[in-house]
Amino acid sequence: MTIAWLRRNLFSGPLDTALTLLTLALLAWILPVALNWLVFDAVWGHAPVAACDAVRGQGACWAVVWEKFRFMMFGTYPYDEQWRPAIVIVLLCALLVVSGIKRFWNGWLAVIWTVGIALTWWLMGGGAGLQPVRSEQWGGLPVTLILAIFGIAFAFPLGVALALGRRSKLPIVRALSVVYIEVVRGVPLITVLFMASVMFALFMPEGMRIDQLLRAQIAIILFVAAYLAEAVRGGLQAVPRGQVEAALALGLRPWMTTLTVVLPQALTAVLPAIMNVFIAFFKATSIVVVVGIFDLMTAARRAVADAQWQGFGTEVYLFVAAIYFAFCYAMSRYSARIEATRQAGRGH
Amino acid sequence: MLSNERARGIVWQLLLLAAVVGVGWYLVDNTQHNLAQRQIRVGFDFLGREAGFEIAESRIAYSPADTYGRALLAGISNTLWVSALGIVAATLLGTLVGIGRLSTNWLVARLAGGYVEFMRNIPLLLQLFVWYGLFTELLPPVREALAFGDFAFWSQRGLRIAWPQPHPAWQAAGWGLVAAIALAIGWRQTARVRQQRTGRQWPVFVPALVLLLGLPLLAWWLGGAPTEFDRPVLRGFNFAGGLVVTPEFLALLIGLSTYTAAFIAEVVRAGIQSVDRGQGEAAMSLGLSPAQQLRLVTLPQALRVIVPPMTSQYLNLTKNSSLAVAIGYPDLVSVANTSMNQTGQAIEAIVILMAVYLAISLAISLFMNWYNARVRLVER
Numbered sequence: 001m002t003i004a005w006l007r008r009n010l011f012s013g014p015l016d017t018a019l020t021l022l023t024l025a026l027l028a029w030i031l032p033v034a035l036n037w038l039v040f041d042a043v044w045g046h047a048p049v050a051a052c053d054a055v056r057g058q059g060a061c062w063a064v065v066w067e068k069f070r071f072m073m074f075g076t077y078p079y080d081e082q083w084r085p086a087i088v089i090v091l092l093c094a095l096l097v098v099s100g101i102k103r104f105w106n107g108w109l110a111v112i113w114t115v116g117i118a119l120t121w122w123l124m125g126g127g128a129g130l131q132p133v134r135s136e137q138w139g140g141l142p143v144t145l146i147l148a149i150f151g152i153a154f155a156f157p158l159g160v161a162l163a164l165g166r167r168s169k170l171p172i173v174r175a176l177s178v179v180y181i182e183v184v185r186g187v188p189l190i191t192v193l194f195m196a197s198v199m200f201a202l203f204m205p206e207g208m209r210i211d212q213l214l215r216a217q218i219a220i221i222l223f224v225a226a227y228l229a230e231a232v233r234g235g236l237q238a239v240p241r242g243q244v245e246a247a248l249a250l251g252l253r254p255w256m257t258t259l260t261v262v263l264p265q266a267l268t269a270v271l272p273a274i275m276n277v278f279i280a281f282f283k284a285t286s287i288v289v290v291v292g293i294f295d296l297m298t299a300a301r302r303a304v305a306d307a308q309w310q311g312f313g314t315e316v317y318l319f320v321a322a323i324y325f326a327f328c329y330a331m332s333r334y335s336a337r338i339e340a341t342r343q344a345g346r347g348h
Numbered sequence: 001m002l003s004n005e006r007a008r009g010i011v012w013q014l015l016l017l018a019a020v021v022g023v024g025w026y027l028v029d030n031t032q033h034n035l036a037q038r039q040i041r042v043g044f045d046f047l048g049r050e051a052g053f054e055i056a057e058s059r060i061a062y063s064p065a066d067t068y069g070r071a072l073l074a075g076i077s078n079t080l081w082v083s084a085l086g087i088v089a090a091t092l093l094g095t096l097v098g099i100g101r102l103s104t105n106w107l108v109a110r111l112a113g114g115y116v117e118f119m120r121n122i123p124l125l126l127q128l129f130v131w132y133g134l135f136t137e138l139l140p141p142v143r144e145a146l147a148f149g150d151f152a153f154w155s156q157r158g159l160r161i162a163w164p165q166p167h168p169a170w171q172a173a174g175w176g177l178v179a180a181i182a183l184a185i186g187w188r189q190t191a192r193v194r195q196q197r198t199g200r201q202w203p204v205f206v207p208a209l210v211l212l213l214g215l216p217l218l219a220w221w222l223g224g225a226p227t228e229f230d231r232p233v234l235r236g237f238n239f240a241g242g243l244v245v246t247p248e249f250l251a252l253l254i255g256l257s258t259y260t261a262a263f264i265a266e267v268v269r270a271g272i273q274s275v276d277r278g279q280g281e282a283a284m285s286l287g288l289s290p291a292q293q294l295r296l297v298t299l300p301q302a303l304r305v306i307v308p309p310m311t312s313q314y315l316n317l318t319k320n321s322s323l324a325v326a327i328g329y330p331d332l333v334s335v336a337n338t339s340m341n342q343t344g345q346a347i348e349a350i351v352i353l354m355a356v357y358l359a360i361s362l363a364i365s366l367f368m369n370w371y372n373a374r375v376r377l378v379e380r
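Taken in sequence, the protein lines are chains R and E. All residue numbers for the first sequence refer to the working numbering, where the first residue is 1 and numbers rise by one. All residue numbers for the second sequence refer to the working numbering, where the first residue is 1 and numbers rise by one.
Simulated from the structure, these hints should not be mistaken for laboratory data. Small disclaimer: the values here were computed from a predicted structure and weren't measured. Be aware that one or more of the hints could be misleading.
[Claimed, not checked] Covered, in the sense of this in silico footprint (three residues per stretch, anywhere, with C-beta under 8 Å from a C-beta of chain E), are these stretches of chain R: (1) 203-214; (2) 310-323.
[To be verified] Pulled from the structure, derived: some chain R residues nowhere near chain E, Cβ distances all over 10 Å: (3) Asp53; (4) Thr258; (5) Thr260; (6) Ile287; (7) Arg302; (8) Cys328.
Virtual Cβ for every residue (Gly too), placed ideally from N, Cα, C.
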């Protein structure tokens, strides 16, 4: 940081100088207070409530996070079996990372995802050698990850189909796709969740029951599909007509053309947009609190409601916010990097 | 026949239609059977029955003796109110942050960037819970309320602000403002026509400001210049009098606008960056002042890029206001939810919910499309 840099970037004129000084004053006022509360005067590690009460108002009580950690991560999952959701968290994160590596962007990705989903199901639900655990007992971070990741995975084929349908030359197909996409995008997710939690029971034949988690999962899948469809449509529009004509001239059938020529180009073109949909819905899954699904957010709410640890809600929420932030920020950085390499590749 | 592309298309479509209708019929049939089993009558006549539940705040008059229809209207009024205020606040804050990100001042640009990243990557619901917790737990109890003179008090029960006593002069001031807006628009139009005819410029900003401030003030003064305020006074366990801003409303409004502002900031930034640098330089070399350059050259071009994504942010904000149900602000979703639980008319309640949101979305889209058509670059 040279003097020249400072002059250019912080003190280039009277207005600029005033702005800098004002910002610095603001930071000098807030930062010490915030740091003292967050770090220096805070209670770290395992500690009784009394230790936290002693510093109430001056320091954060991270002891509540220590105390509630297992509960927030795994909810009411049987305590001795909690290594299973722990593996699931690692597994699902690995799934995300692998999906981001270009080398796997082929048929292998479908295989990896199928295996990953099956493994998750087995580890969480049990059976085949593991003690069965009903989905009502699942909770915490794995549920959030499952809702978001399964949501996007299953919504993906539906979204692509809807996007193709919207650009189809067949009027009925087009009309159905347009109506579906626009209606879903016009209403809030919460109404669809309500519909799922109240009306699924009415839709199904007598005696057939779908558990709450699956209902919410289906609602999220149906909802995300409409947003994905719009993202993919942008990509379809970006594929030049010549590509289709060339493929047809080579003798490819129309559906082969779509599958092997149009879609791969369209999907890679809108990868950042797809990532944005994923980030948006990773956050949006927290709404399942309202219909009583035990995700990370609900776990935080229950932890906050504990009478013994009354008044330490901020700490719990900050911890959960950090988890959401870590996932969303990593994904948005990744998305920005792809965008940047593409811009560079185009020679801009 | 299957080799004929047209015929094949028709067959496929009919099959698809049959499948959709078939699934739909199956679901409706199951639903009817289940409803009959539970002896629930389908229909909207419950809207005329007495609701019997309280709604904490409403933009229209409502009491528990009113009907479900009226209760839902009260919910709609709350949704529209918080969305409208939220859109204005988010646009102002978002524009500020967006311009801040482009600032040549390193510190300001970093701070604005940090704000955007922080807000965008944390669920709105979580932010709402934090705001709500802040306003209901961290603020002092009623008896130790934060006092701003005897003009406003802020406690766990919300914000109480002194409000003018009803008086015809205030109404007159309101009409004065309306008249001033109309006159200001008329003046601008006249000035523009004159400039195009004669090339001479009339001042617009100062006269408009004088009109907007002066006319309401004049009306208020002519009406007798009332200065009585309905001031909040501590009585028993709570304040009485004054304008009430509940913590639920405040948390929702602040949460929605600070969250959406982060997205709007990105929209504004992209819009301004989309305008070619040469445009500003050309304007400067023509002798336009920096303000004129912004208003006449940069902004009109940036708006073309800004308006469509801004529309979807406004739609998002309105739809996100449905999260109100989680912190207890009586918006449409929360009223519909209560009605649904009381009457068991789940299907009707959800149909109404979706229809209202679709209508709101459509209305915002139509308005913004109209606006977009106005600001679009006219190609010659």
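Status of the hints after comparison with the structure:
no. : hint    : verdict
1   : 203-214 : holds (count 4)
2   : 310-323 : holds (count 6)
3   : Asp53   : 15 Å, holds
4   : Thr258  : 14 Å, holds
5   : Thr260  : 20 Å, holds
6   : Ile287  : 6 Å, violated
7   : Arg302  : 12 Å, holds
8   : Cys328  : 4 Å, violated
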